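Novice: In case you want the letters, here they are:
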Amino acid sequence: MRFRSRISFSSNPDMTPLIDCVFQLVIFFLLTLNFSSDEQSELIRLPSSELAKPTGGVLETPITIQILSSGIVLFGGDQMTPGALKEPLRRERDAIRNVLGQNVKNATIIIRADQDVSTGIVQEVIRLCQETDFERFVLRAKWERP
Amino acid sequence: MKIEKGGGEFKKIEVNMTPMIDACFLLIIFFILTLKLFSPEGDFGITMPLASPRQGLRPTPELPPVKVRLAAHPDGNLAGIQMGQRKMSSFAELHKQVHELAGLDRGPAGSSNTEVELDCDYNLKFKYVVDALNAISGYVANDKQTIIRMIEKIRFAPPREPKEGEGGEKSEEGGEKSEEGEKKSEEGSEVKDKV
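Line by line, the protein sequences give chains Z and V. Using my numbering, read the first sequence as starting at 25 and increasing by one per residue. Using my numbering, read the second sequence as starting at 22 and increasing by one per residue.
Note that these hints are calculated values from the structure, not bench results. All values derive from a computational prediction rather than experimental measurement. Honestly, I wouldn't trust all of these hints.
Stated by the list, open to error - Result set (BS3-like, lysine-lysine): computed pairs, CA atoms no more than 30 Å apart in a straight line:
no.	chain 1	residue 1	chain 2	residue 2
1	V	Lys165	V	Lys117
2	V	Lys174	Z	Lys77
3	V	Lys33	Z	Lys166
4	Z	Lys77	V	Lys88
5	V	Lys32	Z	Lys166
6	V	Lys88	Z	Lys166
7	Z	Lys77	V	Lys33
8	V	Lys165	V	Lys184
Using the sequences plus the hints, can you model the full thing?
Specialist: Next comes the structure, spelled out in structure tokens:
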């Protein structure tokens, strides 16, 4: 009886499809990486609206003010009461005028207010911004697909 | 000098792919761990002039604004909706009424010239204001893409004082006139829905 002699195979799997998949994944994650996520505090639950459809437009000189449900304001990485917002706003206004050389009226204040915050606090923040010469505001809402 | 003649054996160059694959997997793990999925966000644009030019010079609207009152319970939930003198049971009813009103008075851009003034209690939760803006400013057409504008001239009435126990915070200036007091904020800020 004749037996086959043992042959040692060196396994060289084709790595090309695997590398293709890996690159596809890397590209997917790179594209979905949200660089502006620092502006979005997870502490805030925005009210939802089907009319607040993102337009993709870029706002001119955006300044984000976030208001927690407790009424605490987040601005420039600091937490403060609405009344204490005036001084940082003045500094921001002076920086826009003197450093950037831009008109404050063209700057846009983005208000990200929690859905449970009192409307009076939002109005108070808007009033303080008005007194610091800011004129353009946007109320941010979460887009709810119709 | 000895020169090797061509036509020798073909040598297959084997590239070691292992470090590259390692690096790619590390990148994938990094992206998976740092991935934060945020819902898309949109804006309701507001235009607020710093001040009325001078007392009495403010352009008066052709029609007096329609007043929409949003009352709140002490816990901030919606207590009632009132449009003019008429009480509404829901935002859907408000939307219907505004739709009828806007249909009577169309402007050149398709939206109504009617102005609406939102008068909200201090402690009303902000989400109800956005619901009211939704009901008043427009609606999504049947194709679920197009947004039809109804009323773009929406403004807030001056903020109401917080009732006792509602914890409304007073400004640090304690009601004093600011240094820029000559620029009083305009009554009733105009809201333009620009989405």
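Novice: Run every hint past the structure and note whether it holds.
Specialist: Status of each hint after checking the structure:
1. V/Lys165 / V/Lys117: holds (19 Å)
2. V/Lys174 / Z/Lys77: holds (19 Å)
3. V/Lys33 / Z/Lys166: violated (57 Å)
4. Z/Lys77 / V/Lys88: holds (26 Å)
5. V/Lys32 / Z/Lys166: Given pair lysine 32 of chain V, lysine 166 of chain Z is violated - Cα atoms ~61 Å apart, limit 30 Å.
6. V/Lys88 / Z/Lys166: holds (26 Å)
7. Z/Lys77 / V/Lys33: violated (56 Å)
8. V/Lys165 / V/Lys184: Roughly 41 Å separates the two Cα atoms, so the pair is violated.
In terms of the numbered hints stated before, the structure departs from hints 3, 5, 7 and 8, listed from lowest to highest.
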